Amino acid sequence: AQSVTQPDIHITVSEGASLELRCNYSYGATPYLFWYVQSPGQGLQLLLKYFSGDTLVQGIKGFEAEFKRSQSSFNLRKPSVHWSDAAEYFCAVGGAGTASKLTFGTGTRLQVTL
Amino acid sequence: DAGVIQSPRHEVTEMGQEVTLRCKPISGHNSLFWYRQTMMRGLELLIYFNNNVPIDDSGMPEDRFSAKMPNASFSTLKIQPSEPRDSAVYFCASSLVSLPRSTDTQYFGPGTRLTVL
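Going line by line, the protein sequences match chains A and B.
Taking my numbering, the leading residue of the first sequence gets -11, the next gets one more, and so forth.
Taking my numbering, the leading residue of the second sequence gets 4, the next gets one more, and so forth.
For reference, chain A alone in the conformation it holds in the complex (with noise of 0.2 Å):
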């Protein structure tokens, strides 16, 4: 069965400093891998995915992850991170053969001090 772990439930960074959000991910076979931030109040909103190809993917806002299939892991970075960038962040697999289906994990709440 595929699952993702988000290791950090909560994390705290100050404005200008870099970031990076972990993930594990469990998946037999080629994962599609991921990205979405959730504001307050709102529903998710994709930062970037993987299929295949180049392992380090850009997304929007500045964010950018890498695939590391021996780490079965997905870390999204962003150098800079900006007070608006305070929200919570989800990882999510999904792959050929699970028919559409994405499995998420538990998120990770950003706070941002200024």
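Among the clues, some could well be false.
[Claimed, not checked] Chain B is faced by these chain A residues, among others (derived, beta-carbon under 10 Å):
(1) Gly29
(2) Leu34
(3) Gly41
(4) Gly83
Since the hints were derived computationally from the structure, they do not count as laboratory data.
Because the structure is a prediction, the values reported are computed rather than measured.
Virtual Cβ for every residue (Gly too), placed ideally from N, Cα, C.
Add chain B to chain A, keeping to what the hints say.
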């Protein structure tokens, strides 16, 4: 271009009442998903449809929950009778899945916040 539309945005009802949540997916999308989000359980997939056909309803908590997709542009999630533990935010999402890729980006609606008193 309109995204996924959900109605109502907020619903307050009393225990035992029937609740119907509605979703209009993005035009042209062929997959639709219903999720429930709570502080305790996080984001849970309840049911999803491909080409209007329910594929997996294993996440539906119990028989009080039912979902339909009568056509490609409309879906409902019904709870009858509702209970206080059903209080949550319910999200609808849609996706365009094209073979050989069986999974693709899901676009989420703004959600319906349900409160059952």
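Okay, the hints, checked on the actual structure:
1. Gly29: Nearest chain B Cβ about 8 Å off; hint holds.
2. Leu34: holds (5 Å)
3. Gly41: With Cβ-Cβ at 13 Å, over 10 Å, it is violated.
4. Gly83: Holds, because the Cβ-Cβ distance from Gly83 of chain A to chain B comes to roughly 6 Å (cut-off 10 Å).
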